[in-house]
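Could you put the whole structure together from the sequences, leaning on the hints where they help?
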Amino acid sequence: MTIHATSAGLTADATPAGLTADATPAGLRLVDVNLAATVEQASVGSDPYRIDADGVPYVPVGDGGIVLGVRLGDGVWEHPGDHAAPGACLVHQDPAAGYALAAQACIGNPVTVRTGAAAGRAGTVVGKRGEGGRVIAVFPQDTLRLLRPGDQLAVRGRGAGAADPVPGVTIRNIDPALLAVLPVTLGPETLTVGVRTRLPSKLVGNGIGRPTPMWDLDLQLTPASARRYDAAGLRLGDLVAITDLDARFNAGYRRGWVTIGLVGHGGSPQPGHGPGVTAILTGPAGSLRATPDPSGHQGLSEEAALDAVRDLL
Amino acid sequence: MQVTSNAGQLVTQVLAGEVWPPLGDRHGFRVDPDGNAFLLPGMGGVTLGAHCGDPATGYAADHLEPGLSVRHRDPAANYALQYLTCVGNTVVVTTGPAAGSEGFVIGQHAYVLVDLPEPTLRSVTVGDQVTVFAVGQGLALFDHPAIKVKNCSPRLLAALAGGTGPDGRLRVHVAARVPAEAIGAGAGMASEYANTDLMGAYEVGGEELSLGLQSLRIGDVVALADTDHRYGRGYREGWLSIGVISTGSGRLFGHGPGPSTIMSGPAEAFTIIDDAGANLAVLAAVLPQKEHA
Chain A
925 MTIHATSAGL TADATPAGLT ADATPAGLRL VDVNLAATVE QASVGSDPYR IDADGVPYVP
985 VGDGGIVLGV RLGDGVWEHP GDHAAPGACL VHQDPAAGYA LAAQACIGNP VTVRTGAAAG
1045 RAGTVVGKRG EGGRVIAVFP QDTLRLLRPG DQLAVRGRGA GAADPVPGVT IRNIDPALLA
1105 VLPVTLGPET LTVGVRTRLP SKLVGNGIGR PTPMWDLDLQ LTPASARRYD AAGLRLGDLV
1165 AITDLDARFN AGYRRGWVTI GLVGHGGSPQ PGHGPGVTAI LTGPAGSLRA TPDPSGHQGL
1225 SEEAALDAVR DLL
Chain B
93 MQVTSNAGQL VTQVLAGEVW PPLGDRHGFR VDPDGNAFLL PGMGGVTLGA HCGDPATGYA
153 ADHLEPGLSV RHRDPAANYA LQYLTCVGNT VVVTTGPAAG SEGFVIGQHA YVLVDLPEPT
213 LRSVTVGDQV TVFAVGQGLA LFDHPAIKVK NCSPRLLAAL AGGTGPDGRL RVHVAARVPA
273 EAIGAGAGMA SEYANTDLMG AYEVGGEELS LGLQSLRIGD VVALADTDHR YGRGYREGWL
333 SIGVISTGSG RLFGHGPGPS TIMSGPAEAF TIIDDAGANL AVLAAVLPQK EHA
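So the protein sequences, as listed, match chains A and B.
The first sequence begins at 925 in the working numbering and counts up one residue at a time.
The second sequence begins at 93 in the working numbering and counts up one residue at a time.
Be aware that a few hints might be false.
Said to hold, decoys possible - Here are the in silico distance ranges between beta carbons for each label pair:
| hint | chain 1 | residue 1 | chain 2 | residue 2 | range |
| --- | --- | --- | --- | --- | --- |
| 1 | B | Gly219 | A | Asp1217 | 57 to 65 Å |
| 2 | A | Val955 | B | Gly304 | 42 to 50 Å |
| 3 | A | Ala1078 | B | Ala191 | 52 to 60 Å |
| 4 | B | Asp146 | A | Thr1109 | 45 to 53 Å |
| 5 | B | Ala172 | A | Pro1091 | 50 to 58 Å |
| 6 | B | Ser302 | A | Asp1217 | 29 to 37 Å |
| 7 | A | Ala1078 | B | Pro113 | 34 to 42 Å |
As the list claims (entries may be wrong) - Here chain B is said to cover these stretches of chain A; the calculated rule only asks that three of the stretch's residues, wherever they fall, bring their Cβ under 8 Å from a Cβ of chain B:
| hint | region |
| --- | --- |
| 8 | 973-981 |
| 9 | 1192-1199 |
Unchecked claim - Chain B is nowhere near these chain A residues, computed Cβ spacing over 10 Å in every case:
| hint | residue |
| --- | --- |
| 10 | Asp1168 |
| 11 | Asp1170 |
| 12 | Arg1179 |
To be clear, the hints were calculated from the coordinates, so they are not data collected in a lab.
From the three backbone atoms N, C-alpha and C, an ideal C-beta is built for every residue, glycine too.
Put into structure tokens, the structure is as follows:
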């Protein structure tokens, strides 16, 4: 079986076997899983410096752990930092359990604090980070101030295995219920998504060739280059479209495809790194349509993210 | 390459390495571009039948590492081995039936990759020890300060075609020009470690995956458009990196044949000359020439 994705749209002959290998038939019930996670402590090596794209050393600030003062809706270059994410990064000390945490937690999932000064309080998963398997969660600011690295949390994982929202479009890393609060319009055969901007796949750096359920995609953008791509106003929580990228399994180049990602962390001075998106939707451009709005786009707000766990707050 | 450099001032470090086994996990299979499972050889150990000048693709293999794949058991000593070893360095097999045989480094891929003549390669196996005469990091071109040279042995520099042109630019012969869209796994990593996988040269899948790179050969010198690899591997419009194809066939999506970086700088510092003969095979002509003391 073959599938033909062209700029004119999608034509497929019957059901392409290769493309349904990981698709969940509609009607199957998702299962929820309770996952254990620990609030990360930011860590560095014995050398305090990293080297930026111009060869200048810098001390990385905000790369993992608990970061105060960075919130959904902030500009991705608003705070000096390296991969700074809003809220806290959650990990598991056992590597295999960490990969499972990253793979099975989804954007929109509730997080409850079980130990420490913030015990009993709640937050929401808003993204992932790659390599070791990290989950990014936002919390109300007064909760975040009480969190401490090492605090134990429970993540209610839900969303992995979700059925295609429309034929040929794969959903990843997000609880399907959360699509309702994002600028996503479901048609009978197409999904239309409002995004900040549309970016070419060549801008994807770290994360390319890696499994998208466990790794985000860094956008190789700087404040200087962002203007060329209508990305100067890029904010945490924004949706962006990446053209010619298939993110169903590993992320890789596929002409005529589109991947929608949700911005989960800020910029980075490191070459090949930058603001990171967690892939949430991917499919042929004929079925998955992106409508950019560089100045007016509204992605995932902190309020909407925390509304998803309002009953637990 | 006709160019003045500090090659005569470089020091050589003698490094120990070990032919490292292919590694797997209990689930075995990995996933190709269309979601199909595969289980293929190519990475780690001793891989026969693929040498400089041979096609890079067309094998039933994944992450094809030609020849020997070499590491060190101690993590920090291994980083030194991976970072300090340069393309073109001499490698001597020090244990096993092939002890005393000499080959050369064709690149890095989280392993140091070593090409040996095929009859010699047949008698090397996992666990055999090798000695690498590492020289090249710190190499600088006096007349091209904007170009950062890395992972390039003085012997390779001398053997490459081209050199300083009458306009002051560095003339570099390349077998292929690689578009920025092809840059796959390896982006964002240190450019002294592993290599840049190129997408769009798979043995499977449809035309929509192709980026026209199926004719690459192992050892080809290539130009990577819009990349700045001076301090890591990143996208940068108007910059250029030169690499040497050190790995072949890749079935894993987002992966593929990959160049080890040997130079990087602003595009205007280079004159790129298309030349199908631009391949590490030129080293064969200078192999008897020792570059270490």
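Now the hints, each set against the structure:
1. For the pair Gly219(B) and Asp1217(A), the beta carbons lie near 59 Å from each other, so the given range of 57 to 65 Å is met.
2. In this structure the hint that Val955(A) and Gly304(B) lie 42 to 50 Å apart at CB holds, the actual value being about 44 Å.
3. Taking the beta carbon of each, Ala1078(A) and Ala191(B) are about 57 Å apart, inside 52 to 60 Å as hinted.
4. The hint said 45 to 53 Å for the Cβ distance between Asp146(B) and Thr1109(A), and at roughly 52 Å that hint holds.
5. Between Ala172(B) and Pro1091(A), the C-beta spacing of about 52 Å keeps the proposed range 50 to 58 Å intact.
6. Ser302(B) and Asp1217(A) have their C-beta atoms about 33 Å apart, which keeps the hinted 29 to 37 Å range intact.
7. In this structure, Ala1078(A) and Pro113(B) meet the distance hint of 34 to 42 Å, their C-beta atoms being roughly 40 Å apart.
8. Coverage of the region 973-981 of chain A by chain B holds. Counting CB-CB distances below 8 Å, 5 residues qualify, and the rule asks for three or more.
9. Using a Cβ-Cβ cut-off of 8 Å, 4 residues of the region 1192-1199 of chain A lie near chain B, which meets the minimum of three, so the contact claim holds.
10. The claim that Asp1168(A) is not at the interface with chain B is violated, since a C-beta of that chain comes within 10 Å of its own (minimum 7 Å).
11. At the 10 Å boundary, the C-beta of Asp1170(A) falls inside the reach of chain B, the nearest C-beta of that chain being 7 Å off.
12. With a cut of 10 Å on Cβ distances, Arg1179(A) falls inside the contact zone with chain B, its closest approach being about 4 Å.
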